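S.K.: Full structure from sequences and hints, please.
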Amino acid sequence: MTADSLTARIERVYRDEHGRVVASLARRFGDLDIAEDAAGEALLAALERWPADGIPANPGGWLTTTATRRAIDRIRRENQRDAKHQAAAMITDPTPHEPTGAVEDDRLRLIFVCCHPALAPEARVALTLRLLGGLTVAEIARAFLVPETTMAQRITRAKAKIKAARIPFRVPNADDVADRRTAVLAVLYLVFNEGYLASGGADPIRTDLTAEAIRLTRTVRELLPDDGEVAGLLALMLLIEARRRSRVAGGELVTLDEQDRGGWDRVLIAEGHALVRERLTAVADGGTPPGRYQLLAAINAVHTDARDARDTDWNQIVRLYDRLQLVEPTAIVALNRAVAVAEVDGPDVALAITDRLDLSGYHAWHATRADLLRRLGRGDEARREYDAAIAATENSAEIGYLTRRRDQLRPQQGA
Amino acid sequence: MAQYLLSVVGTSADYDDVDYTDPAIQQMFADTGKFNDQLQADGHWVFGGGLTNITDATMVDSTGGDVVVTDGPFAESKEFLAGFWIIEAADLDAALKLAAAGSKACQGKVEVRPLQGDPTAE
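So the protein sequences, as listed, match chains A and X. Numbering-wise, my numbering puts 257 at position 257 of the first sequence, and it's gapless, one number per residue. Position in the second sequence (first residue = 1) + 415 = my numbering.
In short, the hints are calculated from the structure, not lab data. Treat the hints with caution; some may be incorrect.
[As the list claims (entries may be wrong)] Computed beta-carbon distance windows for the label pairs: (1) A/Glu394 to X/Lys449: 54 to 62 Å; (2) X/Thr478 to A/Thr7: 54 to 62 Å; (3) A/Ala284 to X/Lys512: 33 to 41 Å; (4) X/Gly479 to A/Thr156: 33 to 41 Å; (5) X/Leu496 to A/Val327: 33 to 41 Å.
None of the values given here were measured: they were computed from a predicted structure. Where is the CB? At the ideal position from N, CA and C, for every residue including glycine.
M.R.: Given below as structure tokens:
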């Protein structure tokens with residue numbers, strides 16, 4: 001093995017274990033900075049030691065032990081300076097080691113801290129990726145297209161607020177957990193989308209983002225097994241992730257109707273469908289009506305149920321979008337519904353819907369209109385919409401797809 | 416335990432032409448009184464009180480050497496501090512719970528800010 005690939009392997013192990021290491025130290029020491037710094041020092045130690053000694057059998061345990069030692073060293077040094085700090089640091093979690101079975105996962109506590117409603121939404125995403133996902137500040141900055149200094153400041157400020165305002169390191173109690181889980185799910189879905197939608201398939205880090213989002217969502221589901229929206233979000237992610245390999249071919253985006261369905265991951269689809277069925281049963285038995293994630297999962301279940309794009313039950317999809325519009329009356333939902341309406345009522349009806357949406361800065365609005373105009377034989381208008389869509393996205397796979405579609409338009413007669 | 420300042424945000428509408436015989440206003444005072452009693456009973460209370468109208472404020476500035484006294488804040492702000500509590504709470508979640516109850520009682524928005532601890536302890 002070359003030195004470079006060993007370093008890459010160590011860094012991957014480190015990223016996989018980062019959330020566990022930081023969460024464990026954060027609970028033990030009640031201080032995110034100490035936990036994060038110690039985790040970083042443990043990585044440096046691993047990069048120094050592992051090339052000679054080999055990667056240990058339990059790398060997570062090694063990293064946690066090493067990080068803990070470093071943290072204790074640091075706290076000793078600081079305690080000599082000021083004993084009060086220790087008192088403050090130790091008060092954060094007054095009920096350690098309660099026997100709560102599956103929920104006893106420090107990473108869950110950390111998720112609820114990172115996604116606390118007292119933090120700005122963009123800070124929640126950044127903190128979750130930094131502390132749980134183990135991504136570097138530079139990687140997060142790149143994923144969200146902001147300068148690294150801006151991202152560093154965002155994370156630093158959020159951590160300062162957690163400390164100064166004493167955001168507790170614990171899973172919220174039963175009264176609060178429903179509201180707080182909504183904030184957590186929003187963050188996880190954003191992370192997933194950043195990995196899935198924004199990437200051109202070129203950046204491997206973003207594949208890590210979808211995997212990370214799924215892993216974290218699975219963890220949340222362990223905590224809240226009866227929560228329909230948690231199950232819905234997990235199902236949604238699995239059913240989207242199942243199509244990932246077929247979604248980009250030759251560096252170009254492949255739309256759902258043109259995807260090689262044989263390339264879909266049947267294992268993920270089976271798991272996603274099982275979750276959707278579980279929710280349908282629960283709702284039929286008088287459970288809470290489905291929220292946005294369950295409805296989106298159901299829509300994706302209909303898509304993944306069709307062996308061939310032509311077998312898609314579009315009527316069912318339109319009905320699900322109708323329900324989704326009730327719980328989430330946004331222009332983006334209306335746009336996605338229009339795509340389904342085009343299959344049921346025709347592209348002219350769908351186009352009329354998009355006319356009423358104020359989404360001119362959104363590439364998918366232009367791309368959808370371009371396709372509808374193309375199907376209506378309105379080539380010149382379609383071309384203009386393709387151009388607008390291309391200008392509004394930086395995603396290379398999407399640009400590739402849109403450019404090909406535009407160039408396939410027949411030259412206009414006369415005009 | 417940490418201390419938090421719960422600031423009640425008010426506007427001049429809370430002071431101008433208030434009809435104190437209005438049952439809703441009386442209810443608000445009663446609820447706020449009950450909330451104060453509860454804070455004291457549960458050991459959260461440090462201090463608290465309602466403020467008179469912003470037009471009663473006086474600004475004192477000795478930063479330039481001389482003492483300059485002027486009538487009220489310089490900026491005409493639409494929203495201002497109308498009342499406050501200083502509370503003791505275990506953590507932010509506990510403080511937010513109390514703030515929610517306080518906001519409901521006094522029918523005003525409440526801003527929660529931690530008081531600075533001993534800076535040498537940081």
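S.K.: For each hint, tell me whether it holds in the structure or not.
M.R.: Results of checking the hints against the structure:
no. : hint                             : result
1   : A/Glu394 to X/Lys449: 54 to 62 Å : 56 Å, holds
2   : X/Thr478 to A/Thr7: 54 to 62 Å   : 56 Å, holds
3   : A/Ala284 to X/Lys512: 33 to 41 Å : 36 Å, holds
4   : X/Gly479 to A/Thr156: 33 to 41 Å : 34 Å, holds
5   : X/Leu496 to A/Val327: 33 to 41 Å : 38 Å, holds
In the structure shown, no violation is registered for any of the earlier numbered hints.
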